[in-house]
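S.K.: For chain X, the structure is supplied; the task is to place chains P and Y on it using the hints.
Residue numbers (my numbering), protein chains in the order written: chain X, 1 to 277; chain P, 1 to 260; chain Y, 1 to 295.
Wrong hints could be hidden among the right ones.
Claimed, not checked - Ranges of calculated distance between the beta carbons of each label pair, as one might list FRET restraints: (1) Glu-128(P) x Val-60(Y): 17 to 23 Å; (2) Arg-157(P) x Val-60(Y): 47 to 53 Å; (3) Glu-189(Y) x Leu-27(X): 19 to 25 Å; (4) Arg-152(P) x Ser-19(Y): 33 to 39 Å.
Unchecked claim - Residues from chain X shown here face chain Y by an in silico Cβ test under 10 Å; the list is partial: (5) Ala-60; (6) Asn-96; (7) Ala-98; (8) Thr-104; (9) Tyr-111; (10) Val-114; (11) Val-115; (12) Glu-147; (13) Leu-170.
Think of the hints as simulated: they come from the structure by calculation, not from any bench.
The beta carbon of each residue, even a glycine, is placed where N, CA and C say it ideally should be.
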Amino acid sequence: MTPVAATGAINIRNVSKIYDPDGANVLAVDNCSVDIAPGEFCVIVGPSGCGKTTLLNAIAGFHDISSGEISLDGKPICTPGISAEPGADRMVVFQNGALFPWSTVLNNVAYGPVVQGAATSTDAKTKAQALLAELGLSGIGDRYPNELSSGMRRRVEIARALINDPKVLLLDEPFRAMDALTKGVAQEFLLQAYDRVRKTVFFITHDLEEAIFLGDRVLVMTTRPGRIKQTLHVDFGRPRNYKIRSSRQYLSLKSQIFEAVREEAVRAFEAGERELA
Amino acid sequence: MATAAFAKSSTTLSLRRGLVSVLGLLVFWEIGRRLHFPFLSAVPAPTEVLASLDKIVGNSKFWNDWISSFSRVLSGFALAQLIGIPVGLLMAMSRTLRYLWFPPLEILRPIPPLAWVPTSIIFWPTTELSIIFVIFLGAFFTVVLTVLGGARAIDERLIRAARSFGSKPRDIFWRIVLPATMPSIITGMAVGMGVTWEVVVAAEMIAGKSGLGYFTWASYVGGNYPQIIVGMASIGIAGYLSSGAIRLLGKRATPWQRRI
Amino acid sequence: MTAIETPSQSRTTQAADISSLALTLFRLRQWLTQPSPYLGFLGVASLVLAWYLLTEFFNVPRFNKLPGPVAVWQEFTSPSPTFGISIYTPAYYMHIFWSIWRVLQAFFWATILGVPLGLFMGWKRTFRDYAFPVLEIVRPIPVLAWVPVAILIFAGIASREAPVIFLAFLATFFATVLNTMLGVESIDEVYFRAARCLGSKPRHVFFRVVLPGALPYIFTGLQIGVGVGWFSLVAAEMISGEYGLGFLIWDSYVLSQFPVIIIAMLTLGVVGYGFSAIIRIVGASLMRWADRSGA
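The following block holds chain X by itself, in its conformation from the complex (with noise of 0.2 Å):
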């Protein structure tokens, strides 16, 4: 019996993002609207640089936004000018890994409840251990990162999230750093996370295999500036095995997005502007 959440619901209106690197206005993302509902597995897939970073970024409370709203629960998180501080009820996983290097795998996952006063030193400890056995990554917690495949990284990043039990979860393109092989199992491995606690995520990448893969619900932007273009919806059930990547109902789907996401990726070759870090 999977869980299905309770909180989580994100809702973004009419949000634009105006920004100003080295003094060049840059409208980044251009009237988006979107309402995801608690426990969704939401995946916004674009080129590179189409502004799917800076809505994630708006959410998680690293930077407002120029006009518009989002609100998590019903309560406004980010406003023009005002912008809710992050937080572990949107726990982040960076495009390339943010663990600390200089701390263990078991340090890391049992930070956030050491810093946030919610448990002692060594029962973060111990709960992170059970996590990570949970997850299938006992054995490492001594380890440092530096020492992990980056696979491995990836999923002590992900329990280090988790363990926070966070209403969304946010990742950055987080598997885009990896060869396809590994990355496959990876996506995999997400999925079986997904399952266990059915929180809300919001999913960004450029590659849209992994956005069928994984998404309840794909949405395709365009380059700079960022609208949402299209919306496809993914009926496969949970749990999802890797074999339906072959299924036709796969290939349809994909197929139903493809050109459409192709269009987007022309344009960005052919506008050939530096990526925004």
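M.R.: Frame of chain X, contents of chains P and Y only:
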């Protein structure tokens, strides 16, 4: 629009804070001297320094000291670059030379350049040459090591790409190795210049009869304390100008580098 | 979580089974079969040989005024040396001790004051705005230009040691602050974001992100700092000290005890090198996690 204005105001805010702290320190210094605070009672106050300024600036000997120091700095520094840069590049490109020269360099390098002053005085016929030699030593090791490090750090793939175009070794040197090492050469110069001024000042204090270091020391010995501060400030300014010149040179020589 | 297997641990334990003696012998053999140690030895030997030939053997003019390796060696290893300094005389060790002791004090103060200052300057923009300009104005002044002011500052208050230590302190201090600050600025923004996400309060960010993140640069700064501190100390000792290796160099020059100059210079080199090596080793052991750049 709004963000651009914000950015500009934040740099002016930084400037204002900087001014506040510098002025605050000067005021504190002045008061400390007047009220005989523990460490400041013997140090001449900013106002005293300013008062002595026009007598010093009018004295031509002061400007001769500037010229003396600068000429030593330039000679020693230029020599260090002329010999050090090729040595560094050679050591980077030839493994044999690297293995041969690196240990003796590593043994000599930790000896502070000023420790060479007596030996230098014994050896060279004139004081001037002995000071320049010590300056040369100071900058030389820095240059060699920085250039060596920079040249060895060149991405192998760039050289491979050049080779696959059929480049001759001469081309690889002038078109790949030298430009790629240029940032390190400039860094070596910048650091070397700093070392050079340190050495000049000390050498002049120990064994010189002219120059800004000598001026500063002589002011102390002669009991003319405000002049000490003028001397220090002069050396600082001179050093800053020299480093600035190198930074300008660096920008010209490496236009592809992003400003740090 | 059985659908995905975790990689087995067997491979790592196998590596540990190879005895460390065998490994050392293997590495030694590798090293001996390279040209590098032999060329290195040749390089050093030719240097000494050139020194010998120029000063003592061929008596080349100007060079013949300098003490040669033979004279230096004889003096250094003589139980009752002509000029009073050899490995057998306590005076030699006393001078070494004084120099080292002064550097350690300077190093201590520079680290205690410099590292926290650098950390704050790197971390908080406000702090940097106030502190950096003052530092940047004072920094271009060569440390040794401070000699007279240093003497004036401490006149009558502290011992004659104070100015000398102060000068070494200044040099080390600037290097430490600058490198520490750069270290904090080099920490990838993403770690700060992760820390905020995880609910860190400012003190957590300081002790768990800023400090460990800047540690590699701090150690580089300490290494550089010791080097410049040593350099400044020797100069200060030459100008205005009693005891110490710098003082010994100048004193033996004044007294025309030339072999002692060389002895002192070489000792300076060895001790200076030793200091950097110690810091490097300590740094390396504290930062096992920085072996490979993490991604």
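S.K.: Hints first: check each against the structure and report whether it holds.
M.R.: Results for each hint:
no., hint, result
1, Glu-128(P) x Val-60(Y): 17 to 23 Å, "22 Å, holds"
2, Arg-157(P) x Val-60(Y): 47 to 53 Å, "49 Å, holds"
3, Glu-189(Y) x Leu-27(X): 19 to 25 Å, "23 Å, holds"
4, Arg-152(P) x Ser-19(Y): 33 to 39 Å, "34 Å, holds"
5, Ala-60, "7 Å, holds"
6, Asn-96, "6 Å, holds"
7, Ala-98, "4 Å, holds"
8, Thr-104, "9 Å, holds"
9, Tyr-111, "5 Å, holds"
10, Val-114, "8 Å, holds"
11, Val-115, "4 Å, holds"
12, Glu-147, "8 Å, holds"
13, Leu-170, "9 Å, holds"
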